[in-house]
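Put chain B on the given structure of chain A with help from the hints.
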Amino acid sequence: MSQEIESRIRAALRPVAPSEDFSQKLLARVIADQPARPKPRRLPSANARPLVWWLTASLAACLILAVGVQQHLEQQRLQQSGLEARRQVVEALRMTSQKLNLAYEAVKNQSTSLSDEKSGV
Amino acid sequence: MRKHTLSVIFALLAPALAWTAPNPKLAMPEFAGLAQKATESVTITLDPALLAMAGRFLDGNDPQDAATQEVLKGLRGIYVRSYTFDKDSAYQQADIDAVRAQLSAPGWNRLVETHSRKSRADVDIYIMIDNNQAIGLALIASEPRQFTIVNIIGAIDLDKLHKLEGQFGVPKLDMDLSKTPAPGPPKK
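Just so you know, the sequences run in chain order A and B.
So for the first sequence, my numbering puts the first residue at 1; every next one is plus one.
So for the second sequence, my numbering puts the first residue at 1001; every next one is plus one.
Keep in mind that the hints were calculated from the coordinates and are not lab data.
Please note: incorrect hints may appear among the correct ones.
Only pairs whose alpha carbons sit at most 30 angstroms apart, straight line, appear in this in silico DSSO-like list of lysine-lysine [claimed, not checked]:
1. B:K1073 with A:K108
2. B:K1025 with B:K1073
3. B:K1118 with B:K1160
4. B:K1037 with B:K1118
5. A:K108 with B:K1087
6. B:K1037 with A:K108
7. A:K108 with B:K1160
8. B:K1087 with B:K1118
9. B:K1037 with B:K1025
10. B:K1037 with B:K1087
11. B:K1073 with B:K1160
12. B:K1160 with B:K1025
If we strip away everything but chain A, and leave its shape as in the complex, we get:
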């Protein structure tokens, strides 16, 4: 009797190969039972990101522009000073040369009159 029961149990618990669509069914079941994943929520700051980017870019552009303008003005000022210095140098040397000319002319006239006197004697 007991042997009969035992053999029945063995028969009932014998290893059985799964059906061909077992794995597909199992996967479908698993997917169906999975709870719906909540959509990733956007952080509130993410909305402000383009604004911050634009502000930073504008600030940087303003800064670059200001430095550029300042350098241009400085360059212009230096050029004006340089041209003015050049004008003054030319004017100073022109006047000096002119006055040296006066002296040379006087010396020349003196020399000429002296040689005239000598030749007259």
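Coordinates of chain B only, in the frame set by chain A:
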């Protein structure tokens, strides 16, 4: 320690040595009263920094600029005061005596003293020489309606300066520089 002591001694002596070294820079008076009376006045003050700056704005390919660059080499300062009046004797000789007095200091030598009857112009040229090199030039030109004072500091080459004749619209004279009087003794 000894090195340190020597440095301190040199530091203390430096101002005294600088004071005794010949200084070709003249103290130009303000001439404020004359500037008001003058119809035209020219005040040029070019220190070493301005001279260097002006040199950078000269074009070496231009003959006039090239000649100017040659003259500027070695110069440390150019100071000009010139006043033009609309009538004769608008200024007194006393006005320029303050400058003339400085030229009696040791180191200054009168190079040329000229008087032109034709133009009624007196031109005095003084030069300061140190170690056989001209380190300063002073020029005083008095005309009936104009007086000009020029003070040039640095290694002056009069030949180069003379070569500027004709470059600035000044007619070039056929001059022999060897005829100019030799530097005389310092003016007393």
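Quick rundown of the hints versus the structure:
1. B:K1073 with A:K108: 29 angstroms, holds
2. B:K1025 with B:K1073: 18 angstroms, holds
3. B:K1118 with B:K1160: 27 angstroms, holds
4. B:K1037 with B:K1118: OK: K1037 of chain B and K1118 of chain B at ~25 angstroms, within 30 angstroms.
5. A:K108 with B:K1087: Holds, because 28 angstroms separates the two Cα atoms, which is no more than 30 angstroms.
6. B:K1037 with A:K108: Distance of about 34 angstroms is beyond 30 angstroms: violated.
7. A:K108 with B:K1160: 19 angstroms, holds
8. B:K1087 with B:K1118: 18 angstroms, holds
9. B:K1037 with B:K1025: 26 angstroms, holds
10. B:K1037 with B:K1087: Status holds; Cα separation ~10 angstroms.
11. B:K1073 with B:K1160: Since the Cα atoms of K1073 of chain B and K1160 of chain B sit roughly 10 angstroms apart, the hinted pair holds (cutoff 30 angstroms).
12. B:K1160 with B:K1025: At roughly 21 angstroms apart (the allowed maximum being 30 angstroms), K1025 of chain B and K1160 of chain B satisfy the hint.
In terms of the numbered hints stated before, the structure departs from hint 6 and from no other.
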